[in-house]
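Since the structure of chain A is provided, determine the placement of chains B, C and D on it from the hints.
The primary structure of each chain is shown beneath.
There are 4 protein chains.
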Amino acid sequence: MIVVLKHNVQKEKRDQLVDWLQDQGLTVHVSQGDYQTVLGLVGDTSRVDMALIESLNIVDSVKRITDPFKKSNRKFHPDDTIVEVGDVKVGKGNFVVIAGPCSVETEEQIVTVAKAVKAAGADMLRGGAFKPRTSPYDFQGLRAEGLRLLEIAKAETGLPLVTECMGVDDLPLFENVDVIQIGARNMQNYELLKAVGKLDKPILLKRGLANTLKELLMSAEYIMAGGNEKVILCERGIRTFDDYTRNTLDLAAVSMLRELTHLPIIVDPSHATGIARLVPPMAMAATASGCDGLIIEVHNDPMHALCDGAQSLRPDEFDKLMGRVKRIRDIITEE
Amino acid sequence: MIVVLKHNVQKEKRDQLVDWLQDQGLTVHVSQGDYQTVLGLVGDTSRVDMALIESLNIVDSVKRITDPFKKSNRKFHPDDTIVEVGDVKVGKGNFVVIAGPCSVETEEQIVTVAKAVKAAGADMLRGGAFKPRTSPYDFQGLRAEGLRLLEIAKAETGLPLVTECMGVDDLPLFENVDVIQIGARNMQNYELLKAVGKLDKPILLKRGLANTLKELLMSAEYIMAGGNEKVILCERGIRTFDDYTRNTLDLAAVSMLRELTHLPIIVDPSHATGIARLVPPMAMAATASGCDGLIIEVHNDPMHALCDGAQSLRPDEFDKLMGRVKRIRDIITEE
Amino acid sequence: MIVVLKHNVQKEKRDQLVDWLQDQGLTVHVSQGDYQTVLGLVGDTSRVDMALIESLNIVDSVKRITDPFKKSNRKFHPDDTIVEVGDVKVGKGNFVVIAGPCSVETEEQIVTVAKAVKAAGADMLRGGAFKPRTSPYDFQGLRAEGLRLLEIAKAETGLPLVTECMGVDDLPLFENVDVIQIGARNMQNYELLKAVGKLDKPILLKRGLANTLKELLMSAEYIMAGGNEKVILCERGIRTFDDYTRNTLDLAAVSMLRELTHLPIIVDPSHATGIARLVPPMAMAATASGCDGLIIEVHNDPMHALCDGAQSLRPDEFDKLMGRVKRIRDIITEE
Amino acid sequence: MIVVLKHNVQKEKRDQLVDWLQDQGLTVHVSQGDYQTVLGLVGDTSRVDMALIESLNIVDSVKRITDPFKKSNRKFHPDDTIVEVGDVKVGKGNFVVIAGPCSVETEEQIVTVAKAVKAAGADMLRGGAFKPRTSPYDFQGLRAEGLRLLEIAKAETGLPLVTECMGVDDLPLFENVDVIQIGARNMQNYELLKAVGKLDKPILLKRGLANTLKELLMSAEYIMAGGNEKVILCERGIRTFDDYTRNTLDLAAVSMLRELTHLPIIVDPSHATGIARLVPPMAMAATASGCDGLIIEVHNDPMHALCDGAQSLRPDEFDKLMGRVKRIRDIITEE
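Chains as they are written, first to last, in our numbering: chain A, 104 to 438; chain B, 104 to 438; chain C, 104 to 438; chain D, 104 to 438.
This is chain A alone, in the form it adopts within the complex (with noise of 0.2 Å):
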């Protein structure tokens, strides 16, 4: 960790922070400049408080330049992580395609979809039984019966089951779940991601719409800190001032927490947009920005389509995606 005092600091002052720095076990070289000096900090600076550091009216900026997280970081595991979900493989050069209805509906509704999706060739199968819904009058989800719905259409198809849990008290409910969705708005929820980093079975764990990349990761670390390492991320897209799409897909995301982390990392081009007709295009740009996986609604709802809608996509559109898809993937992992 690096300090750099403000300039014209008293040495008093300057040396009082010195000596409380090493009393917390820390060596602290001092290097003095013309207009600044700069304190290097050497021992285990993750227990340092850097805002506080940061606020001291003596001190000009800090910076850390060990990452606080540990388990997630690339550095400490090279090798890419790969996540197994039954016989289904993510991540290390293998690319999943997650796809299914925004809500479980009814049992004709999920399994009809299942069976499109899977003819599409999709990996496994999403599909929301607890709905996280900005207002308590809108349709929170089936709950339990969407889950159980989901185990028949997993029972006809053969596709794993992805699917999101808000609370703890749920957790128990999701025993036939094979990947727990964390969704947006709790990848801050710490009681949750520490009651799932106690299970045994695989985490998608999606970005918050205003969180960083190293808040991701710390958010994983929470996660495998408790002792479950299989987890994947997903880009979802971010809060930004514009406002024409429902949030601004991040694709340069992908390319940086490859660098960062060795965990897998899909996109989720249907909530990022939130617009069905420009599903596709972004389909195939996270595609060729090299992610590791999409995760795509998809409908067979008659309104939809009928006039194309929502951000769900039709079971044929989904087909053909699925083409392109497969095509631009092989462009640019061939050598």
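Treat each hint with caution, since some may be false.
Label-pair ranges, simulated between beta-carbon atoms [said to hold, decoys possible]:
1. A/195 x B/119: 43 to 53 Å
2. A/195 x D/111: 14 to 24 Å
3. C/211 x A/195: 23 to 33 Å
4. D/111 x A/275: 37 to 47 Å
5. C/304 x D/248: 40 to 50 Å
6. A/236 x B/362: 24 to 34 Å
7. A/128 x D/111: 49 to 59 Å
List of simulated lysine to any residue pairs, SDA-like, C-alpha gap at most 20 Å [what the hints assert, rightly or not]:
8. A/173 x A/430
9. C/423 x A/171
10. B/234 x A/171
Quick caveat, the hints were computed from the structure, so don't treat them as lab data. Owing to the predicted nature of the structure, the values given are computational and were not obtained by experimental measurement. All residues carry an ideal CB built from backbone N, CA and C; glycine is no exception.
Same frame as chain A, but now just chains B, C and D:
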């Protein structure tokens, strides 16, 4: 709700949409213009999925003209709400100051600070027992023991307690807490919102760092829909491109929330800036903007005292600030 | 234009507003609902000050239902525009790659790079002669001398020239330049936009780092209103809370602009990320998103070559990227 | 400047970088840690391209420890600067209020408003003659004629004039203007900044809507580097995800700029919010935050007067506000 169709939509497509809307029990007024057609929807539009309609390929845009929040909406409750915390009143002209340390550390610490802030005129005591930390390796608070120490400070000073709860399972521990804080990271943790909505206890709801005012009110609505209408809102800074302070304090939100809702609105200048020396100017600015109170970090830690550090004020700084805040408050409330 | 009035507006106030709107030559349809009144304005609303009406204390919100941009609007010009630069066509299925160094430095440098990018298949040469630098103490470009060196490179390779102009007074120097670039910082420099609107020369208009798509189109409109309809739009990253790349590349903007306008849209992955190793994945992602071209920084500087540095690609990296871009382009354009 | 290298960088690569830095005249201190190597650069680093170094594939990050702004930097000029405009002083305890209409419309209008704001205690008159409008079809201001009307208002009231210039070629018209305003859209129009840097006339430099404080100071530096050190900075709201006001007023910027620079800092609550009824609370908040002045829109237009509209205050509202602003100013400046 108003639905603006795209230019040159086929009559057949338009009629299909109108039929579908009517099937949902809505009356549809069609207004045909030269370049665009506008549909006016009358009836119970609260259950209409605005995002779905907006995403249809024949739709240009959708505008909700009734707000999705009801119980928190000033339209339906024109009078300011007063939230009572023991003898302390918040809102409708009642200005409160909540003060105390970031974290509860020791009995001596919390009692000393409690006495100091009471002497300076604070109305309630804050102090973190459960701490939401970005890193799983950082200190997570004294938890149950911290609550016990807060209760001692309350017994010594009579100040009501304000402290954060992060998980549904911890709620039973908060019985003697006077105001439960829902932190910014949990603003959309709906399971937690629903749980505190069943309590008969004031809730301090902090704005999430990338949430709109309407989302904040929808989260208040989650609490109120459960029966608990004692909600105090808190502006504490939003995340923007700017990085010289931890967050950007959004004071116009106070005036705008005043128009939208009857709930009391307080401001947290400590977390908004993260820098102690910015807390007094921002606390005074918040007061001048017309908020119903402040929540401010105060400590008596020697390191802090030494270097004027962190985002916490020393008791003497807090005392001086309180005097100025009261005088500014007098100016803006006189006739 | 639709004006939604607030709840409980007095009839007298409402009528005053309606009278005032009618005095401006508009027809006003009043639609009275239970909670709100909606005014529909018909006529030439382009001169109505939407912000003024929105700010009235009896008005809840205002919605424009016709776009303020005309000449750039796809509604009025459904066919894609092709901008011709010498023999090179941009748009309507014509994909172009513009490549070259950030700054023109020496004759040898610019000619060498020009030959290299031509050999790899680039269609035009870019290179900065006038450089917009945040600091007045930084190198400001070779200016007129830089333009002269670009002309030499054009003579040697036949590649059309794309280079930035920052001020009206410099325009006479750009006579032999084929495409004048308006940089992101000048996207709303209206005097400059008006000046290039009087030229008969293609303009490459970059999106400002915090500008919406509609503001970008309004700036295009400034150029087109002057008579010059040869405008190429360029997405080059926006400013967000995220700081791991210089800007956040917004690829969904490409698809959305495609719907809003008939003008060609290219992408600049070099400035969007500021990091050379992110340029190939983002260039491929942009291609997959369906843009009409790319503008990429390529250099042959030994320091860069040594360390794989900056945001520029080496000629061999660019050559490899070009092959992949072409194959991705083939996939997304086939029937 | 501090350069942090990545983990496991080869010694050979590191030495190449060190050699290259030394060739540029810098002294390089190498500090080898367990996981990372840190290079400390001493010498004239102002001409070192920080972005280039940061982008090298062996570099983790770069930190500048001396600011790139010099003339505007408080480190080198600890005393507050006073900018004198005729008899009016701005800065170092001198608080000014600039008021007037958004646009100059008629002689009667500008003279009437000028007299009204003078009577209420304003120190200078503002009024737009050249208007930066998003749309080329909107009213662009009376231009030269507007300047002439402003001069009449100055002759009648003695108030110094503040008005915006948008292009270098218009500057000769501004000879009788007392303070030239550079608008937010032109904050990085470097040709314009250089041109006003050659004048002997105060410049009011507004912060761009997505610019950092350091970028604002670098733009001030462009003006000051040309010889004109009479620069007044203005915070006027930034663009964020939030859309309930036109921009988000960033008042902590006032306190932070106070630390970074010796230049006076004023606040524009009218453009920051775009809503007249938010102007008084934000003007009072800005005053409480410790700024050196305010710039406020005031008009006497009957439509506005009728409906309490737009972002402008009526003269009576402005008069009432002035009284409160003065009393708040007294509170924060007393010992």
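Against the structure, the hints come out as follows:
1. A/195 x B/119: 43 to 53 Å: holds (47 Å)
2. A/195 x D/111: 14 to 24 Å: holds (20 Å)
3. C/211 x A/195: 23 to 33 Å: violated (44 Å)
4. D/111 x A/275: 37 to 47 Å: About 44 Å separates the Cβ atoms of residue 111 of chain D and residue 275 of chain A, which means 37 to 47 Å holds.
5. C/304 x D/248: 40 to 50 Å: violated (32 Å)
6. A/236 x B/362: 24 to 34 Å: holds (25 Å)
7. A/128 x D/111: 49 to 59 Å: violated (26 Å)
8. A/173 x A/430: Violated: residue 173 of chain A and residue 430 of chain A sit about 36 Å apart, past 20 Å.
9. C/423 x A/171: Not satisfied, since the Cα-Cα distance of roughly 36 Å exceeds 20 Å.
10. B/234 x A/171: holds (18 Å)
When each numbered hint is compared with the structure, violations occur for hints 3, 5, 7, 8 and 9.
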